[in-house]
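Work out the full structure: start from the sequences and follow the hints.
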Amino acid sequence: MTTPDTADTTQQAGSRRAARRTTRLSLSFTVAFTGGVFATSGAVPGPAVAAGQPVASASERVVARGEPAARPAAGDALDEGARAVTYRGLRLAVPAGWEVHDLEAKPRTCVRFDRPALYLGTPGADQDCPARAIGRTESLLIEPATAATAVASVAEPGEVISFAAAAGATQEIRYALSGTGLAVTAAFGERPELLDTVLRGARYAGPERRTPSVPTAETAPDLDPSTAAQAPAPLLDGKAPTVGGALALNDPVTLPRVASTTRLRGSGFDACTAPSLQTMRAWLASPHRGVGIYIGGVNRACPDGNLDASWVRAIARLGWRTTPIYVGRQAPCAFQDDLGPIRSANPGQQGIDAAVDAMARAKKFGLGPGTAIYFDMEGYDNRIASCSRIVLTFLSAWTKRLHDGGYLSGVYSSAASGISDLSGAYLSSTYVRPDAVWIARWDGRASVWGERYAPNDQWGMHQRIKQYRGPHVETWGGRSIEIDSNRVDGPQGAARFWQRVISRGTLWSHTGPGTSYPVVRGYAPGRNVDVVCQTTGSLVGTTRVWTKFADGTYVSDLHLNTPNKRGFSAPIPECRYPYAAWANGGLIMRSGPATSYPRTGLVPYGGMAYVRCQRAGMRIGPSAVWNLLDDGRWVFDWYTLTPGRPGFTALIPRCP
3 MTTPDTADTT QQAGSRRAAR RTTRLSLSFT VAFTGGVFAT SGAVPGPAVA AGQPVASASE
63 RVVARGEPAA RPAAGDALDE GARAVTYRGL RLAVPAGWEV HDLEAKPRTC VRFDRPALYL
123 GTPGADQDCP ARAIGRTESL LIEPATAATA VASVAEPGEV ISFAAAAGAT QEIRYALSGT
183 GLAVTAAFGE RPELLDTVLR GARYAGPERR TPSVPTAETA PDLDPSTAAQ APAPLLDGKA
243 PTVGGALALN DPVTLPRVAS TTRLRGSGFD ACTAPSLQTM RAWLASPHRG VGIYIGGVNR
303 ACPDGNLDAS WVRAIARLGW RTTPIYVGRQ APCAFQDDLG PIRSANPGQQ GIDAAVDAMA
363 RAKKFGLGPG TAIYFDMEGY DNRIASCSRI VLTFLSAWTK RLHDGGYLSG VYSSAASGIS
423 DLSGAYLSST YVRPDAVWIA RWDGRASVWG ERYAPNDQWG MHQRIKQYRG PHVETWGGRS
483 IEIDSNRVDG PQGAARFWQR VISRGTLWSH TGPGTSYPVV RGYAPGRNVD VVCQTTGSLV
543 GTTRVWTKFA DGTYVSDLHL NTPNKRGFSA PIPECRYPYA AWANGGLIMR SGPATSYPRT
603 GLVPYGGMAY VRCQRAGMRI GPSAVWNLLD DGRWVFDWYT LTPGRPGFTA LIPRCP
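Residue numbering for the sequence shown follows the working numbering, beginning at 3 and increasing consecutively.
Derived from the structure by calculation, the hints contain no laboratory data.
Please note that a few of the clues may not be correct.
Think about it this way: if two alpha-carbon atoms lie no more than 30 Å apart in a straight line, the pair counts; the simulated DSBU-like pairs of lysine-lysine are [said to hold, decoys possible]:
{"no.": "1", "residue 1": "Lys108", "residue 2": "Lys402"}
{"no.": "2", "residue 1": "Lys402", "residue 2": "Lys365"}
{"no.": "3", "residue 1": "Lys366", "residue 2": "Lys402"}
All figures in this text were calculated on a predicted structure; none of them were measured in a lab.
Pasting the structure below:
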């Protein structure tokens, strides 16, 4: 992430673009298999490299610190001689200007897809990555295929693959090479055909090695009975109101019954790659409890690395909240000039495509509906009106498609460009506004309020994050990371938690948090269940706490191995359902469900009402439904975008 408010907005990266333009596809080399783990030959000046040793480069001093070597000069081209590389019996040729990194020799090397490079070996758990790395070019990671890195797609060495067609919106594809015991991650920017050519020439002369496969529905262990059934259809009935004749102004999120939203108010950080679990444990000594994770996008520089569903679940159990970041196509007038841009033709469709991919990536990492996904729109020149229109059209479509899929929309950008444009369009009848903003201004002030380009009455109800300090190194618990610092007061990723059934007999789940709700299914003692959140319901034994499963049903917390049998069990979040307020002048909050109760605050227009439950209260016009918010205050339901108005919304439980 970068911000033009304090960073050098004239920073250029034309050398990478020039290198891509001048690189041609004439791969010509004599296949000669060599022994050892890793060796290179071809048009690489200097002494021979011993097997298993890293490849030296003009920037070896950088590599020694774990950073990739310098970018190739613009004149490097394949027709000047390809570099032949052998790794664990696989031989292939890469452009002479590519960096080649031996991760076995230097496991702290940062794997980055914004630099033309070949990475060989398993990436280290704690890489020396910068806090900020944005962009994408043609790069390859080839590593041993293990159970942890197993993938579903398999190809033969040398098999023709059309990466542009196979990779989709991510411009990244991962597959196994049959019989080699190797897995390939291929990422590309503007020239996927270069990767087609490089891998088409690959040959394997090593021993037959088994390639681990991804567990299928038939072979996967039955550890998650709560999600065994088909996902239920969203429980929706009703439409958003028209405000000033502009329906698009208020596009409500379509939450399925499995959804719940997590939010955080506190300190957080983001880094290019996910730290190891050991580092995340050590950093519990820090004031931070939120971590930004890059989940995908065509301009994401750092690959998944440690990031997977088990990592997300593990850090959530430690008490961390996650802020999912998606780095898709960028403004055509972006200050960084080598980013994959939004094309001027049909930017709305590109926003939709990005949202679809982002939701798929979030689900891959165990972040379900109710999660807020933040699009990283780097700083751009918003003095160019046509460019701003393209950005707003793209982000509006991004937001609407996320809403249709049950996810919340967030946008990260510099205060003076993306945030300024979104603020100007806050009351637009053309563009759908995001649910939350992430303001990049490195002024050192750790507060989300008082921002010049985002007035306090916009995104004013736990809908903001501020990145107030750029790249710097912090050390906690003896472990150091280069990070950006954030003040967080907004929606986060909706992670899941394993719990175990401890009832004496079959535990029956219900459609809501109470024994009066219909029974859905039973769970045997000792079974693991997938937990989303907790809420208050009818009294069972000594507790009113009910736990919501990932299938949208509830059980009394008394019968699970959660530690607190009288209250909520941190770090499992409270169940909450976010709906925007649409009352002109703001929605009054009260201490009870009637206008006779004292006023306790105001939800500004477009502000998020995080609803805990609903009950009947004072009737006003067509409705008598009132919403209890997660902070204990009440609002009249008619002026929120709940789908059940003027009646109750099926997703939201009744207040006990």
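Status of each hint after checking the structure:
Of the supplied pair hints, the one linking Lys108 and Lys402 is violated, its CA atoms being roughly 44 Å apart against a limit of 30 Å. Annotation: proposed proximity of Lys402 to Lys365 holds, straight-line Cα distance about 18 Å (limit 30 Å). At roughly 21 Å between alpha-carbon atoms, Lys366 and Lys402 fall within 30 Å of each other, so this suggested pair holds.
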